[in-house]
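Q: One-letter residues, chain by chain:
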Amino acid sequence: MNGSITDPTDFRETELPLFSQLDSLLRCHICKDFLKVPVLTPCGHTFCSICIREAINKSAKCPLCLNELRESGLRGDFLTGEVVNCYQNLRQPLLERIQKVEEPTVAGSETSLIEIESDGDRERISDIEEDFQILATNERKRLPGIKKITKRPASRKGGSKSNIESMFKSGVEMGECPICNEFFPVKTIERTHMDECLTRQALGKPKPKRSVKTPFQTSNRPSSVDSIASNLKYGENGAQHLKNYLESAVNDEKRLRLPKLDYNTLSLSQLKQKLGSLGLPSFGSKQSLMARYNHYEMLWNSNFFDSSSPVNENELKRQLLSWEASNNLNSNNNNNTIGKMITKNKDGERTYQKLLFDFKSDKFKRKSWIRLFRRMFQTLIKEAKSKMQDKATEERDSDKRSDAPVSEDYQTLIPQPESNVASSTAVLALEDAQSAVKTPLDTETPSIESKSGQNPDMNIS
Amino acid sequence: MASLPKRIIKETERLITDPVPGITAEPHDDNLRYFEVTVEGPVGSPYENGIFQLELYLPDDYPMEAPKVRFLTKIYHPNIDRLGRICLDVLKTNWSPALQIRTVLLSIQALLASPNPNDPLANDVAEDWIKDEEAAKQTAKKWSKLYATPKQ
Numbered sequence: 001m002n003g004s005i006t007d008p009t010d011f012r013e014t015e016l017p018l019f020s021q022l023d024s025l026l027r028c029h030i031c032k033d034f035l036k037v038p039v040l041t042p043c044g045h046t047f048c049s050i051c052i053r054e055a056i057n058k059s060a061k062c063p064l065c066l067n068e069l070r071e072s073g074l075r076g077d078f079l080t081g082e083v084v085n086c087y088q089n090l091r092q093p094l095l096e097r098i099q100k101v102e103e104p105t106v107a108g109s110e111t112s113l114i115e116i117e118s119d120g121d122r123e124r125i126s127d128i129e130e131d132f133q134i135l136a137t138n139e140r141k142r143l144p145g146i147k148k149i150t151k152r153p154a155s156r157k158g159g160s161k162s163n164i165e166s167m168f169k170s171g172v173e174m175g176e177c178p179i180c181n182e183f184f185p186v187k188t189i190e191r192t193h194m195d196e197c198l199t200r201q202a203l204g205k206p207k208p209k210r211s212v213k214t215p216f217q218t219s220n221r222p223s224s225v226d227s228i229a230s231n232l233k234y235g236e237n238g239a240q241h242l243k244n245y246l247e248s249a250v251n252d253e254k255r256l257r258l259p260k261l262d263y264n265t266l267s268l269s270q271l272k273q274k275l276g277s278l279g280l281p282s283f284g285s286k287q288s289l290m291a292r293y294n295h296y297e298m299l300w301n302s303n304f305f306d307s308s309s310p311v312n313e314n315e316l317k318r319q320l321l322s323w324e325a326s327n328n329l330n331s332n333n334n335n336n337t338i339g340k341m342i343t344k345n346k347d348g349e350r351t352y353q354k355l356l357f358d359f360k361s362d363k364f365k366r367k368s369w370i371r372l373f374r375r376m377f378q379t380l381i382k383e384a385k386s387k388m389q390d391k392a393t394e395e396r397d398s399d400k401r402s403d404a405p406v407s408e409d410y411q412t413l414i415p416q417p418e419s420n421v422a423s424s425t426a427v428l429a430l431e432d433a434q435s436a437v438k439t440p441l442d443t444e445t446p447s448i449e450s451k452s453g454q455n456p457d458m459n460i461s
Numbered sequence: 001m002a003s004l005p006k007r008i009i010k011e012t013e014r015l016i017t018d019p020v021p022g023i024t025a026e027p028h029d030d031n032l033r034y035f036e037v038t039v040e041g042p043v044g045s046p047y048e049n050g051i052f053q054l055e056l057y058l059p060d061d062y063p064m065e066a067p068k069v070r071f072l073t074k075i076y077h078p079n080i081d082r083l084g085r086i087c088l089d090v091l092k093t094n095w096s097p098a099l100q101i102r103t104v105l106l107s108i109q110a111l112l113a114s115p116n117p118n119d120p121l122a123n124d125v126a127e128d129w130i131k132d133e134e135a136a137k138q139t140a141k142k143w144s145k146l147y148a149t150p151k152q
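From first to last, the protein sequence lines are chains W and F.
Residues in the first sequence are numbered from 1 upward in steps of one, following UniProt numbering.
Residues in the second sequence are numbered from 1 upward in steps of one, following UniProt numbering.
All clues stand as given, with none of them false.
Derived CB-CB ranges, DEER-like:
#, chain 1, residue 1, chain 2, residue 2, range
1, F, ASP60, W, ILE5, 19 to 25 angstroms
2, F, GLU134, W, SER322, 57 to 63 angstroms
3, F, THR139, W, SER322, 51 to 57 angstroms
Straight-line Cα separation of at most 25 angstroms, DSS-like style, residue types lysine-lysine; simulated pairs:
#, chain 1, residue 1, chain 2, residue 2
4, W, LYS391, F, LYS74
5, W, LYS58, F, LYS6
6, W, LYS61, F, LYS92
7, F, LYS10, W, LYS100
8, F, LYS6, W, LYS317
9, W, LYS274, W, LYS286
10, W, LYS61, F, LYS6
Beyond 12 angstroms from chain W on every Cβ pair, some chain F residues (computed):
#, residue
11, SER45
12, ASN49
13, SER114
14, ASP119
15, GLN138
What the hints contain is simulated information worked out from the structure, not anything from laboratory work.
Please read these numbers as outputs of a predicted model, since none were measured by experiment.
Where is the CB? At the ideal position from N, CA and C, for every residue including glycine.
Chain W with its partners taken away, still in its complex shape:
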């Protein structure tokens, strides 16, 4: 994972340090990574589609200029997107080329392979397709009219070979398919590709390469785009980015934008129905359902409206799933941290969840709550006791105090859920308890030594 983390400062030690500026310009200011499906705001700033949508969900402002910003104002920026993709492919070879001579060249083609593979799912998918087309060879048919071109030497791209390039050893003849205008090794076209293309045309199916669905719908392929695209003869890699960009003008399908939902008026079952109709899982609390819908809506709108090469719904669902898994959505995220602190074993966790469920109702079992948190209470009490005793010893000389008022104080340390119904969460109850312990401390200065105990939020991992 560490290998794929790149930074503009990588260029600082090279012969062209100015590249670090270009490198940082092509990055999103939110995730600090290369722009992935960039969108342009009305105020003229560019971010990753997902990043800015997430940010807008939190506060409707442009992160850079703090101007008001709505999701409807975002526009996909296809050109920037392809510029970034192109640059990402160029980056590693470029870096190796302009590295100062005295520095040993760092891991050559291996790193570039890893990097390209991590670039994104789309690229990986297209790789697989290419693989498939190369490997599937059965028939032999010589077809006339294939323009032959020899692939340009790899040095044009700057020394190291990308994974696509390295699959074809230099000298493999590339040809353009007269039907779909794609570039493939001549042998592939002769053996299988032409057949596939012809069948496809006969069946009236669209090109299988990528399904392009963006809001700019055009019924007919504009001829200008067509001719430009077919005039590109730079080999499979050189023209790919330009082609991707031009094809953003050609869309066959239009999708409906997923709306924002008003959760206040929706009942749980209505919400479940809504998720079900989208083919999403409908288990979990209302909160997790809401989070699930929100995230899916974001993925959907970003994919079908901002991306020049959208993926299909199943891929979106897979992304949603992995997001849920990494965000631990199903286990009551807000309260979970505290549950983990106390209960390492599963039983404890379950009791805790059950108790938490009844927290507001009169079914709440106070005794088991106390039992569950006993160890924590005890440490708190011990802590408080020692501090009280410290104080007491100071005061003992002047005033012989009995233990009674002290022990009364301990009672208040135990968080009493009933009295905390208003705050309702266990976290708050516990914080109350902890701050109660800390009151004597707070009157002193917050020193470095008290760091670990002072702020419960700070240490929860």
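Fit chain F to the known structure of chain W by using the hints.
A: Just chain F now, with coordinates in the frame of chain W:
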């Protein structure tokens, strides 16, 4: 816990390899979202020569949510209270995901250079500051010497 986003790893790497002058930030061994921070008092301010310890925590929602920052060293400043909490717009309403750890720490250093007693957090300090700025600065200097001088 949610996994550590790439952005946090990047920021951490950069903070260590390319630190901001006068500021250090190191992640905790057990929790990579928790940073131990030191900020040098800006030259020309009453906090000059002081080295202030802070703690910084990146919440799960970071960068959509501001990092939580707190002074651990005692400091006499109208916008920093006794608990070390900081009154700074970029940590509250003006947080933007385009900001990052280093910009936040720079803002804090700038706050030390120019206290704002008209938007106070520590009311008593702010009152002193408005009443007699010179005396307040002297106190701030004294406190810096007392609490923010690194122990040999």
